[in-house]
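Q: This is what each chain is made of:
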Amino acid sequence: MDLKLYKPFFIKFQSLIALFILCLLISLISDKFLTVSNGWNVMRQISVNICISVGMTLVVLTAGIDLSVGSVLALCGALTAGLLKNGLAFPQADLFIGFTILGAMLVGVLAGTFLGAFNGWAITKFKVPAFIATLAMLTIARGLTLLYTQGFPISGLGDDFAYLGTGWFLSIPVPVWISGIVVLLAVILTTKTRLGRYIYAIGGNESASRLSGINISRVKIIVYAISGALAAIGGLIVTSRLDSAQPNAGSSYELDSIAAVVIGGTSLSGGKGTILGTVLGAIIIGVLNNGLVLLNVSPFWQQVVKGAVILLAVIIDKSNSKND
Amino acid sequence: MDLKLYKPFFIKFQSLIALFILCLLISLISDKFLTVSNGWNVMRQISVNICISVGMTLVVLTAGIDLSVGSVLALCGALTAGLLKNGLAFPQADLFIGFTILGAMLVGVLAGTFLGAFNGWAITKFKVPAFIATLAMLTIARGLTLLYTQGFPISGLGDDFAYLGTGWFLSIPVPVWISGIVVLLAVILTTKTRLGRYIYAIGGNESASRLSGINISRVKIIVYAISGALAAIGGLIVTSRLDSAQPNAGSSYELDSIAAVVIGGTSLSGGKGTILGTVLGAIIIGVLNNGLVLLNVSPFWQQVVKGAVILLAVIIDKSNSKND
Amino acid sequence: KPTAEEPKKIAVIVSTLNNPWFVVLAETAAAKARALGYEAKIFDSQNNTALEADHFENAISSGFNAILFNPTDADGSIANVSKAKAADVPVFCMDREVNSNKSATSQILSDSYSGCIALGKYFVKKLNKKGKYVEILGLVGDNNTWARSKGFHSVVDHYPGLKMVAQQSADFDRNKAMEVLESILQANPDIDAVFCGNDAMAMGAYQALYAAGKANHVQVFGFDGADDVLNSIKEGKIKATGMQYPKVMAETAALYAQEYFNGKRNFPQKVPVAVELVTPENIKNYSAN
Amino acid sequence: MLVVENISKHFGGIKALDQINLEIRAGEVTAIIGENGAGKSTLMKILSGVYPDYEGKVIFNGKTVNFDNPKQAQECGISIIHQELNLIPYLSVTENIFLGREITTSWGELDKKAMRLKTQSLLDRLKLNVNPDTLIIDIKVGQQQVVEIAKALLTESEVIIMDEPTSAISDNEVKVLFEIINDLRKENKAIVYISHKLDELFKIADRYIILRDGCVIESGNIQEMNADDVIHKMVGREVQMIRKQSLKVTTGELFSVKNLCLRNPNQKQEYLLKNISFNLAKGEILGVFGLMGAGRTELLEAIFGLHPKYRSGEVRISGSATSINCAADAIKAGLALVPEDRKKDGLLLDLDVQKNIGITTLKDMEHLGMLEIQKETQLCDKYRSELKIKTSSGKQTAGDLSGGNQQKIVIAKWLATHPKILLLDEPTRGIDVNAKNEIYKLILSLADKGMGIIMVSSELPEILAISDRVMVMSEGIITAQIPINEANEACILKAAIPKSI
Ligand SMILES: Nc1ncnc2c1ncn2[C@@H]1O[C@H](COP(=O)(O)OP(=O)(O)OP(=O)(O)O)[C@@H](O)[C@H]1O
Ligand SMILES: Nc1ncnc2c1ncn2[C@@H]1O[C@H](COP(=O)(O)OP(=O)(O)OP(=O)(O)O)[C@@H](O)[C@H]1O
Ligand SMILES: [Mg+2]
Ligand SMILES: [Mg+2]
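Protein chains in written order, with the numbering used here: chain Y, 1 to 324; chain F, 1 to 324; chain X, 1 to 289; chain B, 1 to 501.
Please note that the accuracy of each hint is not assured.
To be verified - Below are the SDA-like pairs computed for lysine to any residue, each with C-alpha atoms no more than 25 Å apart in a straight line: (1) B:LYS309 with Y:THR124; (2) X:LYS176 with F:LEU164; (3) X:LYS83 with Y:ASP31; (4) Y:LYS125 with B:ILE137; (5) B:LYS395 with Y:ASP31; (6) X:LYS176 with F:GLN150; (7) F:LYS125 with Y:SER269; (8) F:LYS127 with B:ILE497; (9) X:LYS9 with Y:SER252; (10) Y:LYS127 with F:LEU19; (11) B:LYS344 with Y:PHE126.
To be verified - If the Cβ cut is set under 10 Å, some of the chain X residues that face chain Y in the computed set are: (12) LEU17; (13) PHE43; (14) ASP54; (15) SER77; (16) ILE78; (17) GLY141; (18) ASN143.
Treat the hints as calculated values from the structure; they're not laboratory data.
What you are looking at is a predicted structure, and each value in this text was computed from that prediction instead of being measured.
Think of the CB as a built atom: it goes at the ideal place given N, C-alpha and C, for glycine as much as any other residue.
With the hints as extra help, turn the sequences into a complete structure.
A: Okay, structure coming up:
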């Protein structure tokens, strides 16, 4: 019985074992792995996935799924870059609106929030399965990105904007700060607020939650909106790091982030899981990607090894935590 | 009350309305759409998706998911093409095994069956979520394909093999025959056999099925194996049509086939749905793809329109069938 | 810091390995580097600029001494190359350029735009300035797609007799190209030519035409110089392609890296490697391997 | 016939069964009696092959058996009706009854005709008037339970275990079941019968076995026992059964319903509730009785605002008309609903007790947007002691508690909202006598404090024991409202029987 109380801890602990074994193995073979610079390197690389996966965790906790994160990321990145570079021009009205960096970023994040809220609206209003609603959004947002960029990257956004993706603040890379803050806020949201409690409740038992007076639609729309906003933040980081918004950025990011969520112990049927578990999941994936490169594994083999390690990590998890 | 008995029919009927509206709209704009030759054209193009989606339907009916179909398709196609073209050579043992077309095809389908069964084994034996097990297989099978082909297509497989993908038999394209037979067998499987009954039962309530003495693991392994085998058959058709096995064939096919399954009215939480519904779903997607090209919609807009139509099709479905 | 005995390490960062053309480019570069006595390692960016950035960081932090680079995107990759430059790691671009004259040590480039101008001229000639044609684009979010399309149109658009009846994307994919053209043929059964953004799509287009019994009337043009297409040109199935020289570019880049290690610093910023037009007339000079 | 020797069973660290010895004889009905969590179902699951690993021996017809799965047990002649419904929602009645035992033709094709015929005859025998092709999802819980019974009767078994087969069905169906049990007894079958309804046990059983905390306490002939003895043995101490002291004089209208109608969502012209009008005074307990399908659940749900689109009519609270279109409105208006199916609609099974109790009143625990967890802990502790909820701590997962304690949690979470009117739907379903008694006490004390209570129940003794007034429903209409001092079983049942039959 008592063990059960610590189950959330236990789950994290399981992934920690997998992570530990992984790090040990890699550092046995490569002396470049356990260095400070490589550590920051990995952290910076996973910061985008962490942002997206945090939003995905919230969605999955409500027993939903968000396949649109990758293309929302691309669209919002492109939008911010476009506004930053070209502003908004209305030639007919002879009107031109220029954007500051903060302004353009704000519009990008708002756009992500809106797209996410649209997902939530379609899901709750029309009872469309989340899989389909967000799959449709995946396609639509990618199309809109192509339309907006006309298929060309938007580049040359300036050094100030590049700070977001490449700068350092207090000896820590800025993207790591951003993802750290996102994680912190999400941990507070899930453990200390009413909304967080409702998210778990809805995923655990939707009809009981409805009877308890929870406004299911509102909570779901908020959750998808958060997921969209975090995808947009991810888009800003990617765009800033590359100093360029790529029209096909973020493709198949949804799979990476769902993998992080599930490796982190969150159940796809909702109601069970933690943000910190997801962070661990994202770190495992990041370390794996980094390690395979450091170990000089051939690119063809990398995919095989990556698949096998992810499978093993989850198996270790499952077989140690015994019952469900 | 009585209406409820006809619910499966009703579900199909809903998708039929969406399909009908779609066909009407397209044929209003293009007179090339409603022609016999375009009909066969669409049917031939969707035959691969139908094969995959039939397997996916079985998997989804058990409340599972198979993300690996696309890369299993590529691997099995490449394997068949490789055996056909180069046979199996063991230089050390001075041994060479040549393959007939049927032999190579058989090996390809067996390989798909095996990979699928492996998915099922990982899912049932280690209780790995289907999403993760098949995601791992997606990566692994793609890696193996690249390793086997070394990244190069295997082309020039001969006219006999091309018959499978491009031939006609009794005035019907061979791929259409194949997908038709697959659908027929699957309809029999789901409606007339014990295994089919168990598939629905497991998806509807796994623990109740276990208490009824159903061997859950066996059924699931068989279902994933069937999905793998059908992906392999899809791989044979693609390879034969192109006269070439492409190492990156089938990427993101999983999304198309899941979309067909869900548009066809099968619930992702299992236990509900029909093969014929899925076929309708695949036809809707196929008609949409074909229509967009016939109407020469710009590639930028295509994705937006496609996403919106899929969303609308499901909304029409839902709003007509009221309570789920 | 690597000691004198330890061999220098060269990273080959390539935009994708999902396409045989880039496999050749990457493997030739790595093989040449090894032949010159260096350690070499291939990184696959999977057409993802962000992943490419990761590769740069990993390569720099794990002590690679030079990077032979096939950029994912001309603009999107500048930041990465600059990062390497800041870390004193020379970058030699192969095939595709980065839009900056200051970042890369040298760029050995295949000029898709000019290549497609030549191809466009040949296209005009073969069609006698008159006819309906279809253009099949690559990935619409990829700048190579547009370099080729623009080069082609910069010639062809001057001829009012040449009418583009459909322009669709097939993502550089053989199967998609086949399916897209199958559908286009339903709407436009009377086309005279198809221009494809790469050779895989040209093969797919040919397959569709062949199945529709139109392979003899419709001329197919590709780009890349892939083996399949070279054979097809020999057999008269495909009209022409633009031959790029991945091996030449890869080997040149590796040699430049060696010269850099030996102390040379003044490399030409751009070394163009011409794209040659391959047609039935000159196909005997090109052998598929 | 079936002998159990020294059986023990652990779940993790918990001992569910401890050295059980007992014998089940042919031609007799053996009642297994015990509190929630005594280990009754666990023992039955061992006998029927659901749990293959345990310590001890099961001897069946003189041979030691060890079943690996339910199918083996079934083939040996032991079949079971499980406590929880184990039906597949989207399969039909026929398909469910034959699941795992399908009849096939020589081709291997399913013989649907044969299965349908056999199902029809089974349903006839059980007097269940349902088309065999109806999906399980479309029939009500009570009917589903009859299907479960049909499932167990499908094959000829020597031992038939019934684990609370009557928890969701009403007296008519129970009568039919008892006739069948009597037939089976005459055929020399052994029947194991588990129920928390003691009167049933005295009616049908020959022998009894009492379990407490995983041990056999006593066994013998049921004729030699009376209800008080059984309760005493079961609980291990004297229990003062609740009796309503006196009829309260209640005044002042708290709540009233006028012309409430509810349309069937599937067939617009049909009504599930027709012109329901009644009122409720402060401190009054209104017992609502009816047979299966009378529409009582719908009535409570309609009042609570769950079907706003299909409902019409007026609801007044403390004299003023109130519109209630969702659960949140209802809570705001001072209503609380303890639903019929606590697992499906009441509890967040994966969350802990504290979070379950707090979920309705989180708004009051917010400070600067953050939850004050210690307030929630206080609330939880308050109700744990007030309602005597047995848990190791507020952090225990709700799904791990016994039925009675789960029900108390659902009540606690609603009491936390300080409702004026409490709607209870089958508040004691599946709960042992002792826990029932405590819930009755609770209901009475709440009424004493002035809360208006509407209690739906299928158990007449319960209705008679604690109501101030009895309202009887049949086919969606109110057929009688009887003050408690005029009420008796005969007049209530007469009003409950549908006129259309
Ligand atoms: N799967 C399980 N995992 C852990 N503990 C369990 C499990 N099943 C039962 N238990 C525990 O074993 C004990 C006996 O449970 P059982 O279900 O047999 O009780 P019961 O007598 O049937 O009660 P009720 O009258 O409520 O049906 C309880 O303490 C219960 O919490
Ligand atoms: N899902 C449904 N679809 C169609 N009709 C339904 C459905 N659920 C209930 N009904 C109908 O509603 C009526 C009332 O059912 P309800 O479950 O409210 O009865 P009840 O009196 O609460 O019975 P119980 O004793 O089982 O609680 C019945 O006539 C039944 O046929
Ligand atoms: Mg029990
Ligand atoms: Mg009811």
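Q: For which of the previously enumerated hints does the structure constitute a violation, in increasing order of number?
A: Numbers 5, 8, 9 - these are the hints that the structure violates, sorted from lowest upward.
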